[in-house]
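2 protein chains.
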Amino acid sequence: MTTLRTPGPTLGVVGGGQLGRMLAEAASPLGVELIVLDPTPECPASLVARDQIVADFDDEAAIRELAERADALTFEIELADQDAMDRVEEETGVPIHPKPATLELIHDKLVQKRELREAGIPVPRFRGVDDADDVRAAIDEFGAPVMLKARTGGYDGRGNVPVESADDAEGALDAVAGPAMVEAFVDYAREVSVIAVKGDGETATFPVTETIHQEEILRETVAPARSGDDVRERAREVALDVLDLMEGRGVYGIELFETREAPRDSERSSGRSSRGGGEILLNEIAPRPHNSGHWTIEGTVSSQFEQHVRAVLGWPLGSTDLRGPTVSTNLLADVDEPAPAALAGVDRLLEEPGAHLHWYGKAEARPLRKMGHVTVGGTTGESLDGLLERARSLRDVVTFS
Amino acid sequence: MTTLRTPGPTLGVVGGGQLGRMLAEAASPLGVELIVLDPTPECPASLVARDQIVADFDDEAAIRELAERADALTFEIELADQDAMDRVEEETGVPIHPKPATLELIHDKLVQKRELREAGIPVPRFRGVDDADDVRAAIDEFGAPVMLKARTGGYDGRGNVPVESADDAEGALDAVAGPAMVEAFVDYAREVSVIAVKGDGETATFPVTETIHQEEILRETVAPARSGDDVRERAREVALDVLDLMEGRGVYGIELFETREAPRDSERSSGRSSRGGGEILLNEIAPRPHNSGHWTIEGTVSSQFEQHVRAVLGWPLGSTDLRGPTVSTNLLADVDEPAPAALAGVDRLLEEPGAHLHWYGKAEARPLRKMGHVTVGGTTGESLDGLLERARSLRDVVTFS
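Taken in sequence, the protein lines are chains X and B.
In terms of my numbering, the first sequence has 364 at position 357, counting the first letter as 1, and numbering is strictly consecutive.
In terms of my numbering, the second sequence has 101 at position 94, counting the first letter as 1, and numbering is strictly consecutive.
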């Protein structure tokens, strides 16, 4: 039985970017305090967190200090050092959620895909590659184009190189510069995402969200996804299957492909027909709140951030019910080179009925860096197409000067 | 034209209680930083504010320091020192909203009622009293019972003494112990409240809210109020008339009576009929976000706290549209004497679908002190009566141990 006191429970968070900031915004009403560990002084989360420990993500002494000041630990970046966290958890007895071991599964995309396939999760066809011959063999097997992916360290499309033909194999490997794998190109109708939550003996999923990328960076989310009911239900099932494999409580962002033609790109041969929609294939897993779930702050009863706080502390989960159709758009820095952050034209955003601005408080704008987001909707009545158009036009009136 | 930078604009807030805390929670997504001034170290707002200046509310040097570190000042307590703020505004050029002069109007209830009446705002009948003879004369004039009120310093019913008969006049005056006034007893059908916002050349009102008091302390709010449409519209009109008299931007909580029988208790003699509902009379004005508007965090598109941030900075106001019927209930400390804050039974609150917990982070529970609140609703479909019942049963499962 939970008793709330003052000060409330303290959550130590490795990483203090926008995810940490929105986590702190959601934690405060629950009486939960945050301390974040981040190497950047005055990191985004530091504004609303109780305190920041300025240290590198793999600074074990600093992680230990964080644990000693907290009731539970979590992380909001995948760069968090798994081994250091494992040792700190063992030494201090302060629980870490999700379990650091989850990062191991996530870190190496080849290991991840193998384990997922073994567990019966539908994934695109893939193979590990050591050299150009392997890449060419993959093209022979899957057909061109294929996607060459760095096994580790990829983020926002970094480390992903499309290979159009066998002639490009060498160059693509040079670009990835490290251990790599090849995935069959997925001819998807749309990309969707499920934010899933693992609580203390319970799970929850948020409404399936459509994610629109450009240059492999998330631009907009549309919720609920404009897929058929059966496709959305299938996405939810796959997400829950993935959740089963994850160790430790918390929010997981599960990115999926909805294929255009069902059987071709799947390793699964369940013989399941796909009337009215495509097959669902797993793309990526993030063991933390995810960009594709930011819309839940306004769009669902409890947000992904509130759910993460509840889950990590072992509290009952909240409701993930939809409030109304919701669209979010990222505010990416449209700058050519790093510059102090300055977003002009904000009045237009602020005066738009039902638009919600989220500014992350990053000091420096860098090309295509995520600086904030805008959400419209969350009330009933407006069509998703209308909301998407409105969100895009709002995004286009603001500029980084 | 507004440009957002990092660090964003800084709001200096005199007072750092729960209102300051919820202001900081609303400011963060907008990229607005808060510094609060409060005499209690680790005051509720300090968790989410950038910084706290530990100083008394009337410490002029501290208010000057606050101004020097801020782009604009505001206050969240009526104890803020008007003269000190006036001088700081003049010396530093940092704008203060609402204007400190507003506090003068609010501080002395007799002055306030006179000015409001003069401006045509409907108020209960009243008169200033110097001694027991004056109180008895008021009873003769208005009929018993009457309400004896301290002219200054009243809060949550403190300083309000009902006088049942002429015999009680002396005792009531002793209880008030200071300059006083008498108001006619208002036979109200319900109490309602309008949160009104004065922006830069624009105004906005939130949906009219029903407020349920016990022992003159707010217990629940029901939004929208269960009054007739014409009564709600009349309440909005009165609120806008009051807003006209207020100096400076910001959110104002305007508490009103909806009378049972229209003409009797009114000084207004407009001859306006009141079919389907009562007359609206002004009760109190708070020049700040108000307890009766906490439900707007979940219940409207922009909350009263977001609106206050926008208004004080001179930014465009947001939408005050209702998301859905919403009920809030205060969590008052049910303790007999001061004790460390500890709220037991929180699990039941957390697992209730659509319930939102707000814990203020006060270290000490004192009898009937406001320690937090719970909001249910904010989505469509549920009746206000059902929501109210649900909110009350949730409140009753938690206890201060």
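Hints are not guaranteed to be accurate.
Lysine to any residue pairs mimicking SDA-like chemistry, simulated, CA-CA at most 20 Å apart [as the list claims (entries may be wrong)]: (1) Lys106/B to Ala126/B; (2) Lys377/X to Thr10/B; (3) Lys106/B to Asp140/B; (4) Lys106/B to Ala144/B; (5) Lys377/B to Pro14/X; (6) Lys377/X to Pro347/X; (7) Lys106/B to Glu96/B; (8) Lys377/X to Asn167/X; (9) Lys377/B to Glu122/B; (10) Lys377/X to Pro14/B; (11) Lys377/X to Arg226/B; (12) Lys377/B to Arg12/X; (13) Lys377/X to Ser390/X; (14) Lys377/B to Ala346/X; (15) Lys377/B to Pro152/B; (16) Lys377/B to Gly15/X; (17) Lys377/X to Glu122/X; (18) Lys377/X to Leu86/X; (19) Lys106/X to Arg71/X; (20) Lys377/X to Ser326/X; (21) Lys377/B to Asp392/B.
Because the hints were derived from the structure by calculation, they are not lab data.
These are the hints, each one checked on the structure:
Taken as a hint, the lysine 106/B and alanine 126/B pair is honoured in the structure, with Cα atoms around 19 Å apart against an allowance of 20 Å. Taken as a hint, the lysine 377/X and threonine 10/B pair is honoured in the structure, with Cα atoms around 17 Å apart against an allowance of 20 Å. Distance check on the hinted pair: lysine 106/B and aspartate 140/B sit about 37 Å apart at the alpha-carbon level, beyond 20 Å; violated. A threshold of 20 Å between alpha carbons decides the hint, and for lysine 106/B with alanine 144/B the separation of about 37 Å lies outside it, so the pair is violated.
A hinted pair counts as satisfied when its Cα atoms are at most 20 Å apart, and lysine 377/B with proline 14/X qualifies at roughly 16 Å. Annotation: proposed proximity of lysine 377/X to proline 347/X holds, straight-line Cα distance about 14 Å (limit 20 Å). Of the supplied pair hints, the one linking lysine 106/B and glutamate 96/B holds, its CA atoms being roughly 10 Å apart against a limit of 20 Å. Pair hint lysine 377/X plus asparagine 167/X holds up; C-alpha atoms about 19 Å apart against a cutoff of 20 Å.
A threshold of 20 Å between alpha carbons decides the hint, and for lysine 377/B with glutamate 122/B the separation of about 31 Å lies outside it, so the pair is violated. Restraint check for lysine 377/X and proline 14/B: satisfied, since their Cα atoms lie roughly 16 Å apart, inside the 20 Å limit. A hinted pair counts as satisfied when its Cα atoms are at most 20 Å apart, and lysine 377/X with arginine 226/B does not qualify at roughly 43 Å. Restraint check: the Cα-Cα separation between lysine 377/B and arginine 12/X comes to about 14 Å, which is no more than 20 Å; the hinted pair holds.
Among the hinted pairs, lysine 377/X with serine 390/X is inconsistent with the structure: their alpha-carbon atoms are about 26 Å apart, more than 20 Å. A hinted pair counts as satisfied when its Cα atoms are at most 20 Å apart, and lysine 377/B with alanine 346/X does not qualify at roughly 46 Å. A distance of roughly 29 Å separates the Cα atoms of lysine 377/B and proline 152/B; the hinted pair therefore is violated under the 20 Å criterion. Of the pairs offered as hints, the one joining lysine 377/B and glycine 15/X holds, with about 17 Å between alpha carbons and a cut-off of 20 Å not exceeded.
In summary, the hint linking lysine 377/X to glutamate 122/X is not supported, as the alpha carbons are separated by about 31 Å, beyond the 20 Å threshold. About 17 Å separates the Cα atoms of lysine 377/X and leucine 86/X, which keeps this hinted pair within 20 Å; it holds. Between lysine 106/X and arginine 71/X the CA atoms are separated by roughly 16 Å; this keeps the pair inside 20 Å, and the hint holds. Taking the CA atoms of lysine 377/X and serine 326/X, the gap is near 28 Å; set against the 20 Å cutoff, the hint is violated.
Only pairs whose Cα atoms come within 20 Å are accepted, and lysine 377/B paired with aspartate 392/B is rejected, the gap being roughly 24 Å.
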